[in-house]
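Turn these sequences into a full structure, and let the hints steer you where they fit.
Read left to right, the sequence shown gives residues 560 to 786 (the numbering used here).
In short, the hints are calculated from the structure, not lab data.
Glycine included, C-beta positions come from ideal geometry on N, C-alpha and C.
Just so you know, not all the hints are guaranteed correct.
[What the hints assert, rightly or not] With a straight-line cut-off of 30 Å between C-alpha atoms, the simulated BS3-like cross-links for lysine-lysine are: (1) 770 to 730; (2) 690 to 675; (3) 742 to 769; (4) 578 to 642; (5) 722 to 690.
[Claimed, not checked] So the derived label-pair ranges between C-beta atoms look like this: (6) 652 to 631: 18 to 28 Å; (7) 715 to 678: 21 to 31 Å; (8) 579 to 718: 46 to 56 Å; (9) 665 to 631: 38 to 48 Å; (10) 669 to 594: 53 to 63 Å; (11) 711 to 606: 54 to 64 Å; (12) 752 to 781: 40 to 50 Å; (13) 695 to 753: 39 to 49 Å; (14) 737 to 609: 26 to 36 Å; (15) 653 to 710: 52 to 62 Å; (16) 726 to 606: 28 to 38 Å; (17) 711 to 581: 57 to 67 Å; (18) 704 to 594: 47 to 57 Å.
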Amino acid sequence: YTETGDTLCDINNKVIYDKMNFPKPSISMAVLPKAKGDEDKISMSLQRLLEEDPTFTITRDTENAETIISGIGETHLDVIASKLKNKFGAEVILRLPKIPYRETIKGIADVQGKHKKQSGGHGQYGDVKIKFEPRRDGKNELEFVDNVVGGVVPRNFIPAVEKGLRDCIEKGVLAGYPVVSLKATLHDGSYHPVDSSEMAFKMATSIAYKKGLEAAKPVLLEPIMHV
Numbered sequence: 560y561t562e563t564g565d566t567l568c569d570i571n572n573k574v575i576y577d578k579m580n581f582p583k584p585s586i587s588m589a590v591l592p593k594a595k596g597d598e599d600k601i602s603m604s605l606q607r608l609l610e611e612d613p614t615f616t617i618t619r620d621t622e623n624a625e626t627i628i629s630g631i632g633e634t635h636l637d638v639i640a641s642k643l644k645n646k647f648g649a650e651v652i653l654r655l656p657k658i659p660y661r662e663t664i665k666g667i668a669d670v671q672g673k674h675k676k677q678s679g680g681h682g683q684y685g686d687v688k689i690k691f692e693p694r695r696d697g698k699n700e701l702e703f704v705d706n707v708v709g710g711v712v713p714r715n716f717i718p719a720v721e722k723g724l725r726d727c728i729e730k731g732v733l734a735g736y737p738v739v740s741l742k743a744t745l746h747d748g749s750y751h752p753v754d755s756s757e758m759a760f761k762m763a764t765s766i767a768y769k770k771g772l773e774a775a776k777p778v779l780l781e782p783i784m785h786v
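Spelled out as structure tokens, the structure:
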């Protein structure tokens, strides 16, 4: 079978053309099923249409649980929606994609997070002091700095602190949105030779994170549309 972009020619006189350059998509819309349970049908139908029309793309926004189609104009996407209904019996609703918010901080906070729990057997102990501040280079990723000296936090527990922070920034303290442009400097702490563990230091990090962000003037970042 043939697909869009294939070259048809005499088998004894083969012609190969350069690959076509298609226009890049300029508009995106979220695709929602009109009827419950049509998600799989819509997904398969979109893949079939994608084989016919290389000028549109399909992506999955896992954060907002939306399927996004992008095309070269609003009319283009309306045509795709019509084809879904007429060719595959899958009626859809097109709407603007959800834009996720983000959180960050405007101030600086130096806090302590201590997790201490004693039970019948081994206890749990982790203690960290972390300075939270905004990144100055404009990048969104977490910047983790290890400034521990003198072994107050053993080297084998420092990766647990960083991992704990990376888990924590998935949810901010204002509305639960991911946190961006954050710098966290681990500079002090303490440990117990028996009761300290990676999990205990992760718990201590989580305590410090919540205290630090609440004290460092957290703010909500709203989306900006580029036109």
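Need the list of violated hint numbers for this structure, in ascending order. none
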